[in-house]
Every structure is written in structure tokens, then in C-alpha cells.
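J.: In case you want the letters, here they are:
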Amino acid sequence: DTGVSQDPRHKITKRGQNVTFRCDPISEHNRLYWYRQTLGQGPEFLTYFQNEAQLEKSRLLSDRFSAERPKGSFSTLEIQRTEQGDSAMYLCASSPWTGGLNYGYTFGSGTRLTVV
Amino acid sequence: GQQLNQSPQSMFIQEGEDVSMNCTSSSIFNTWLWYKQDPGEGPVLLIALYKAGELTSNGRLTAQFGITRKDSFLNISASIPSDVGIYFCAGLRSGGKLIFGQGTELSVKP
Numbered sequence: 177d178t179g180v181s182q183d184p185r186h187k188i189t190k191r192g193q194n195v196t197f198r199c200d201p202i203s204e205h206n207r208l209y210w211y212r213q214t215l216g217q218g219p220e221f222l223t224y225f226q227n228e229a230q231l232e233k234s235r236l237l238s239d240r241f242s243a244e245r246p247k248g249s250f251s252t253l254e255i256q257r258t259e260q261g262d263s264a265m266y267l268c269a270s271s272p273w274t275g276g277l278n279y280g281y282t283f284g285s286g287t288r289l290t291v292v
Numbered sequence: 017g018q019q020l021n022q023s024p025q026s027m028f029i030q031e032g033e034d035v036s037m038n039c040t041s042s043s044i045f046n047t048w049l050w051y052k053q054d055p056g057e058g059p060v061l062l063i064a065l066y067k068a069g070e071l072t073s074n075g076r077l078t079a080q081f082g083i084t085r086k087d088s089f090l091n092i093s094a095s096i097p098s099d100v101g102i103y104f105c106a107g108l109r110s111g112g113k114l115i116f117g118q119g120t121e122l123s124v125k126p
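Protein chains in written order, with this note's numbering: chain A, 177 to 292; chain B, 17 to 126.
This is chain B alone, in the form it adopts within the complex (with noise of 0.2 Å):
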């Protein structure tokens, strides 16, 4: 199925270490989600993005919605342990389908 393109797969850092990661996609979305999910559990939602350019912080976590609304960043500041995870960028389709990435696993060493 369709899915956007997000890099890198992976990331082991050490704690305290800020971590950046990005979304592509070849068509245009109106709104772009990152959500966090946690082994055996459903996602859960970190920060919405509703217009092109728009900026947006949550505590430690900043994403960017890209201006040609084909991309999106999310940025983590001075990481800590429990920011261990997978995230995943979504974008939102008509009727509230959303098309996620393939996700980016999160390690981080004490």
C-alpha cells in the first residue's frame, strides 16, 4: 500500500544527544501527524501540522510542516531513555485515512 518515505530506519544515540528525522512524500498532504508507539501498544499522537511552513513545539519536540506540503521534520532535543521508540509520520487523507511511514526506531544509550 501507499506509504511515505521516512529516513533514517534507525538511530542509536546517547542520551542527552538531540535526534532529527524526516518525512517525504510524493503527493500533497493538508495535514501531517508524528505519532511515537511503544512496543505492543497503538500509536500515540505527538504533534499535529495543519498548515504549510508552520512550526510547532511540544516540550522537547519540534516538527515542521514542509512548504511544498510534501514533507515534514521532528526534532527531539537533549534525548532521554524514555524517548526510546519507533515514530512514525502520517499524513491525513480525505475521509480521515492516514498514510504512515515506515516508521524511525529510536535507541537511546544511558
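So here's chain A without its partners, still in its complex pose (with noise of 0.2 Å):
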């Protein structure tokens, strides 16, 4: 499969807790992209990463959010503390970057959230 790979694909905590997800892009994509989506709403960007380093972030992204791809490869989106609001289905994208075309762009199936 080449497809994007997440990590879980449904994850249940009590407020409070800490939560990691993982997305595992496709291995050529040197583009990667988190977005959270709730339920009856189309996706909202989070942020994105080219190779290692994180290029921009949403002002959805609070303080208890943190996102890392260390190696250029795969990606950690953590969220500390969670709370009720934390709920949604979290996707992760990767794409290509060539010449400031986007082509190629696809998401994986995502890492449904639940805090209880």
C-alpha cells in the first residue's frame, strides 16, 4: 500500500490526557499536512511541514498542540491535555512539491478522537 498511513485510526481518552498521533506519507511526498475536521465541516488546516521543518501553522493549532517530522519522513501530532472540544477526525495529506505546483495531493484515512 502507498497510500498515506495514520496511526490510530480511532483513539477514546478522558480529559486530560495526552494523545500522539502518527502519519506515515507517501515516501516521495516531501510536502505534509495535518487537518482536523468536525463533525458536518469540511477539513480546517492545522499545518504543514516541508521535509523537517514546519512552515506554517493555523491559529487553531493552541499552545497544547504540537506537530514534529523529524526525519523529513514520517509525522507526530500530539495534543497535550486534552479536552471535550478536542474531538474531531484528525487527517493527515502529503503531496509532492515541484516548481510551486501542487499535484498529487492526498490524505489519509484519519485518527478519530473521542475525549471523554
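Please note that a few of the clues may not be correct.
[As the list claims (entries may be wrong)] The calculated SDA-like cross-link candidates involving lysine to any residue, where the alpha carbons are at most 25 Å apart (straight line), are:
1) B/Lys125 <-> B/Leu62
2) B/Lys52 <-> A/Arg191
3) B/Lys113 <-> B/Ala94
4) B/Lys125 <-> B/Tyr66
5) A/Lys247 <-> B/Gly111
6) B/Lys52 <-> A/Asp183
7) A/Lys233 <-> B/Gln118
8) B/Lys67 <-> B/Ile29
9) B/Lys113 <-> A/Arg191
10) A/Lys187 <-> A/Trp273
11) B/Lys67 <-> B/Asn46
12) B/Lys113 <-> A/Glu244
13) B/Lys125 <-> A/Asp183
14) A/Lys247 <-> A/Gly261
[Claimed, not checked] Distance windows between CB atoms, simulated:
15) A/Pro184 <-> B/Asn21: 29 to 39 Å
16) A/Arg288 <-> B/Gly69: 37 to 47 Å
17) A/Gly216 <-> B/Val60: 17 to 27 Å
18) A/Val292 <-> B/Ala68: 44 to 54 Å
19) A/Ser242 <-> B/Asn46: 41 to 51 Å
20) A/Gln256 <-> B/Gln30: 47 to 57 Å
21) A/Gln260 <-> B/Gln30: 16 to 26 Å
22) A/Arg240 <-> B/Ser36: 40 to 50 Å
23) B/Asn46 <-> A/Asn227: 19 to 29 Å
24) B/Ser23 <-> A/Thr178: 48 to 58 Å
25) B/Gly32 <-> A/Ala229: 44 to 54 Å
26) A/Ser242 <-> B/Gln25: 16 to 26 Å
27) A/His186 <-> B/Thr84: 35 to 45 Å
28) B/Ile29 <-> A/Thr196: 34 to 44 Å
[As the list claims (entries may be wrong)] Covered stretches of chain A, as calculated for chain B (at least 3 residues, CB under 8 Å):
29) 194–208
30) 243–254
Keep in mind that the hints were calculated from the coordinates and are not lab data.
For glycine and all other residues, C-beta sits at the position ideal for the given N, C-alpha and C.
Both chains come to you apart, so use the hints to assemble them.
T.: See the structure below:
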């Protein structure tokens, strides 16, 4: 399978706990993106990486959220001290980036987080 | 956060009917994308539009990039039950960030 892989698919956690999600992008893609999607809405941009550099963060990404892509391959998204409002689907996507035009933007199946 | 205005929000149609949905924005995009999302899955790219006025087809799907670069529509002809799902438009911002619409939920009666 050469698609974008996310783990876990589902996570239920108690309020106040920390959680970490992993994304493995398509191997030749140097851009990696994180989005959050709540019920009945389209995905909303959180942050993105080009190789290992985090180039932009949305103001949706509070200081409880941190994302890393240490070797420019897989990425992790950590949420500290989870709140019920963090319950959502967290989607990862990857794309190649060649000459400023963006092709082959591919999403993973997402991690569904439920905070109880 | 910023989102595109997508309509209608939902559609209930009979198998075999044609479907049309559209997306508008107050700002210009240079690339428009249309995605389909099934329950519990990530969005899957259907069609990408790169030039104003462009009309692109993918099987029974046809999408157009508006001349003003502020709108796009998606048509599905001769709908079938597997067309059921949520359809999203998205505009591409600098850096590769996508701005999504709220989605159109399509239900198809056999």
C-alpha cells in the first residue's frame, strides 16, 4: 500500500490525558499537512511541513498542540491535556512540491479522537 | 476558520438522475479541487482544476473553474448508488494549504 497511513484509526481518551497520532506520508512526497474535521464540516488546516521544517501553523493550533516531522518522513501530532472540544477527525495529507505547483495531494483515512 | 460556501448542503435523488453542486468564495483561488468522502475515511480527490474557465471531466463527473476564479461547480451524470457520500470543494492557497467548503451530502435512492 503506497497511500498515506495514519495510526491509530480511533482513539478514546479521558479529558486531561495526552494523545499522539502518527502519519506516514507517501514516500516521495516532501510536503505533509495536518487537518482537523468536526462533524458536518469540511477539514480545517492545522499545520504543514516541507521535509522536516514546519512552515506554517494555523491559529487553530493552540499551545497544547505540537507537531513534528523529525527526519522529513513520518510525522506526529501530539495533543496535551485533551479537552472535549478536541474531539474530531484528524487528517493527514501529503503531496510532492515541484516548482510551486501542487500535484497529487493525497489524504489518509484519519484518526478519530473522542475525548470523554 | 475560513471556508468556502458550498450548496446545496444535502441532496436526495433517484438513481439515474443528474446532480449539480457548486462552490463560491469571496476571494480568488488559482486551483480548485473536488473531493468525495465516505464515512470514516479521508477525502479522495475527484477532479483538479488549474485554469480559469477550465472544464474537466472524469468519467461521469464534470467540473468547471469559474472565469472569476471565485467559483466552481461539479456535475455528476446518471447517478448510481455508489455515488452516495459527501462532496467537498477546496481552494488551494499558497504553501499548499486547502480551504474547504462545508460539503454536499448526496443520497441516491435505487
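J.: Looking back at the numbered hints, which does the structure fail to meet, lowest number first?
T.: 2, 3, 4, 8, 9, 10, 13, 14, 19, 21, 24, 26, 29 and 30
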